[in-house]
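Residue-level listing of the chains:
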Amino acid sequence: MNIEILGISVLWIFLFGYILVGSIDFGAGFFNAHGIMTGKQHILSKVIQRYLSPVWEVTNVFFVFFFVGIIGFFPKTAVYFGQPMLIPGSIILILLCIRGSYYAFESYSSRGHKGYASIYGITGLLMPAALSIVLTISEGGFVNIVEGQPLLDYKALFTSPLTWSVVLLSMSACLYISATFLTWYANKAQDFAARNLLRKYALIWAVPLVISVIGITVELKSHNLEHYNRMLDLWYVWAVSALMFAGTIYFLIKQTKFGLAMGLVIGQFILAFFAYGISHYPYLMYPHLTIYDSFTNQTMAITLVVTFILGLFLLVPAMWLILKLFVFNNDYAKGKEDHHA
Amino acid sequence: MANESAVFFSRLLTEFTLTFHIIYATIGVGIPLMIMIAQWLGIKKNDEHYILLARRLARGYVITVAVGVVTGTAFGLQLSLLWPNFMEVAGNVIALPLFMETFAFFFEAIFLGIYLYTWDRFENQKKHFLLLIPVAIGSSISAVFITMVNAFMNSPQGFDIVDGELTNVQPILAMLTPSMPTKVGHVLVTAYMTSAFVLAAIAAFKMLKGSKHIYHKKSLFLFMKLGLVFSIATAIIGDFSAKYLTEYQPEKLAAAEWHFETEKGVDLVLFGVLDEGTQEINYEIRIPKFLSFLAKSDFNGEVTGLNDFPKDETPPLYIHYLFDFMVSVGMLMIVLSLVYVWGKIRGWGFIHKKWFSWLIVAGGPLTFLAIEAGWWLAEVGRQPWILVKYMKVSEAATSSDHVGLMAALFGVLYIILGIGSVIILRRMFKNNPVEKELEERHNEDGEHK
Numbered sequence: 001m002n003i004e005i006l007g008i009s010v011l012w013i014f015l016f017g018y019i020l021v022g023s024i025d026f027g028a029g030f031f032n033a034h035g036i037m038t039g040k041q042h043i044l045s046k047v048i049q050r051y052l053s054p055v056w057e058v059t060n061v062f063f064v065f066f067f068v069g070i071i072g073f074f075p076k077t078a079v080y081f082g083q084p085m086l087i088p089g090s091i092i093l094i095l096l097c098i099r100g101s102y103y104a105f106e107s108y109s110s111r112g113h114k115g116y117a118s119i120y121g122i123t124g125l126l127m128p129a130a131l132s133i134v135l136t137i138s139e140g141g142f143v144n145i146v147e148g149q150p151l152l153d154y155k156a157l158f159t160s161p162l163t164w165s166v167v168l169l170s171m172s173a174c175l176y177i178s179a180t181f182l183t184w185y186a187n188k189a190q191d192f193a194a195r196n197l198l199r200k201y202a203l204i205w206a207v208p209l210v211i212s213v214i215g216i217t218v219e220l221k222s223h224n225l226e227h228y229n230r231m232l233d234l235w236y237v238w239a240v241s242a243l244m245f246a247g248t249i250y251f252l253i254k255q256t257k258f259g260l261a262m263g264l265v266i267g268q269f270i271l272a273f274f275a276y277g278i279s280h281y282p283y284l285m286y287p288h289l290t291i292y293d294s295f296t297n298q299t300m301a302i303t304l305v306v307t308f309i310l311g312l313f314l315l316v317p318a319m320w321l322i323l324k325l326f327v328f329n330n331d332y333a334k335g336k337e338d339h340h341a
Numbered sequence: 342m343a344n345e346s347a348v349f350f351s352r353l354l355t356e357f358t359l360t361f362h363i364i365y366a367t368i369g370v371g372i373p374l375m376i377m378i379a380q381w382l383g384i385k386k387n388d389e390h391y392i393l394l395a396r397r398l399a400r401g402y403v404i405t406v407a408v409g410v411v412t413g414t415a416f417g418l419q420l421s422l423l424w425p426n427f428m429e430v431a432g433n434v435i436a437l438p439l440f441m442e443t444f445a446f447f448f449e450a451i452f453l454g455i456y457l458y459t460w461d462r463f464e465n466q467k468k469h470f471l472l473l474i475p476v477a478i479g480s481s482i483s484a485v486f487i488t489m490v491n492a493f494m495n496s497p498q499g500f501d502i503v504d505g506e507l508t509n510v511q512p513i514l515a516m517l518t519p520s521m522p523t524k525v526g527h528v529l530v531t532a533y534m535t536s537a538f539v540l541a542a543i544a545a546f547k548m549l550k551g552s553k554h555i556y557h558k559k560s561l562f563l564f565m566k567l568g569l570v571f572s573i574a575t576a577i578i579g580d581f582s583a584k585y586l587t588e589y590q591p592e593k594l595a596a597a598e599w600h601f602e603t604e605k606g607v608d609l610v611l612f613g614v615l616d617e618g619t620q621e622i623n624y625e626i627r628i629p630k631f632l633s634f635l636a637k638s639d640f641n642g643e644v645t646g647l648n649d650f651p652k653d654e655t656p657p658l659y660i661h662y663l664f665d666f667m668v669s670v671g672m673l674m675i676v677l678s679l680v681y682v683w684g685k686i687r688g689w690g691f692i693h694k695k696w697f698s699w700l701i702v703a704g705g706p707l708t709f710l711a712i713e714a715g716w717w718l719a720e721v722g723r724q725p726w727i728l729v730k731y732m733k734v735s736e737a738a739t740s741s742d743h744v745g746l747m748a749a750l751f752g753v754l755y756i757i758l759g760i761g762s763v764i765i766l767r768r769m770f771k772n773n774p775v776e777k778e779l780e781e782r783h784n785e786d787g788e789h790k
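Same order as they appear, the protein sequences are chains A and B.
Just so you know, the first sequence maps onto residues 1 to 341 in this note's numbering.
Just so you know, the second sequence maps onto residues 342 to 790 in this note's numbering.
Rather than coming from a laboratory, the hints here were simulated on the basis of the structure.
Be a bit skeptical, because a hint or two may be false.
Reference excerpt, derived from the structure (chain A facing chain B, CB under 10 Å, subset only) [stated by the list, open to error]:
#: 1; residue: ILE43
#: 2; residue: ASN60
#: 3; residue: LEU86
#: 4; residue: GLY100
#: 5; residue: ILE266
#: 6; residue: ILE270
#: 7; residue: PHE274
#: 8; residue: ILE278
For every residue, glycine included, the Cβ atom is placed at its ideal position computed from N, Cα and C.
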């Protein structure tokens, strides 16, 4: 393994971390808002708030880690992605600012405020949609080099069915992951009304998830045949991922083994995410940028890797502590303890 | 070719973001230390008022930290969206502190989450207090790393450019630039100073509004003492900054001081009005030979004037006012807090008079304005460079269209978040005044016993 692959692997792992915890976070906000609007708030909001409150800021750091890391390891991405992404990137940031701020406003000061909860619920759900644009752009065909400057072709992007399939995937995956996680968490908290409702949501959102995956497969074949073929080479990974998906659905329908169901969701998305990433290799953006021609100098690369390893010594125990205290702690999840400042 | 409107609006949007974010960032760096000191005093003196102070501060801090985190995220990503050519170089040379900052950020976020949700969970208060230490360290270290990047922009080193190619990159050397120690020190102590004076202002305001509770008196005295310590530290580090500028960025110093001809025994010019054509200054306050002293520690030292630099490599001259305002506020706050603390010890009556309390209240917003003036001075004073002597702002900017529209959108966003956070904080503390909370706590304790 060379250092370029090491760099992209580290970033890809953290991006997966963001997708996982971010999906749970954004989905939870959406379900909370949806509950408020449909009068089911009393069922959902307690379990959602208990999970979300201590961890939302950590979620955000995964995102920062990714975009800071990619500039560090692959500085040319600043030009090839930074410049074309001006408008989509700004929209992401505006959504993120509203979502984070209004989340805090609602939960720390105006609990149950319908306006605030709706604002952060909706902006949160739009986040994955806006973020998914980056992956679409990386497939190539949307960024043209004009006089040496990479510029985004908005018309091509927004009229492409691929774009909209990816948007659908991002939103339904977000809600599916979140609902399955919260089903497990509610079950742990022995909040069965919430569990049953969330279980229903998970099953509902599995449907658009499947449709969007089929849509993307079809669209990618005509949009980027090279990538499509490389994805087919990894058919066995996709097959295992699909089996895991089927397993989750089975357990959700049978109303049993929610922990295992959540584990299978994580497995399904890890496999899919890495199969996608590996088949994308070596391109960061078809056909302009690969991980090799955008890589930083060797000194910086080694320094970053060493820093990363040292950083993990701090990060891993700290992460373990917060998970133990709030996610894997039955008393906390049940709401037996309230120790907020 | 550089897209001139994109350059202009990129600068404008960055200015918006910095101006807004720095308010929350300053609070974010300073307040954890204040909470720590309050909680520590509470534990040591076994005084419930200090404990409650820490607890209420932590509650308000969550709101400011949320806005600080999201606008900081916006700032970080905007650097790549608006200044892609600069970030390509930055990624190659100064990525290390940026990367390390994310770890500090992780650390802070994790322990803040734990700290906030574990009040009264431990039998031993000290254990809970210990959780705050990583929060305070994490937030201050974040500021250190980010300021290192800003320092690098002012005094870049740790790389060579041969035939337009970056070579010989030394990441550690790039972090430890000549401007780093003074900048980092200045950012840290001013954050502590501003936070202390803002909290003192709030306590003074509460007392002016008729609250006689001892809680506010303790809070006011504590934060005036802390403000005094950190404002003196600010002045000392500010002096080192002047000496740094003299040596490494003399054009920045000369522009800030309206010093045009290289000469010995230069006067320090405060305020005044400049005729840029004739370089004539009117209505100013002059302190004889003092600029030489500040720059060189010698009243007859020679200070390089602005006319010795190429015209297109010097910053705009209005930064003089930013500089003077910043320094004046700093000096005022030293005097104000010194008089208060000394008066408190000596039992002077006038420090409890209404007019004096209003001065302390004014100190809160004034120190924030000084922070803003300081950052505008730092950034505008570096013009036309984004990376001094290597890259101009106009070469670094994006060539995308629609930057103006984005600047407008973010402008609206920041106004909404600014107003929103103020409303939320007011509501939070108004609905739950100190007196009520203390009473509730006593009732609860009664039930337990």
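Hints, one by one, checked against the model:
1. ILE43: With Cβ-Cβ at 23 Å, over 10 Å, it is violated.
2. ASN60: With Cβ-Cβ at 6 Å, under 10 Å, it holds.
3. LEU86: holds, 4 Å
4. GLY100: holds, 4 Å
5. ILE266: At about 20 Å, which exceeds the 10 Å cut-off, the nearest Cβ of chain B leaves the hint on ILE266 (chain A) violated.
6. ILE270: violated, 21 Å
7. PHE274: violated, 22 Å
8. ILE278: violated, 24 Å
Hint compliance for this structure: hints 1, 5, 6, 7, 8 are not met, and every other hint is.
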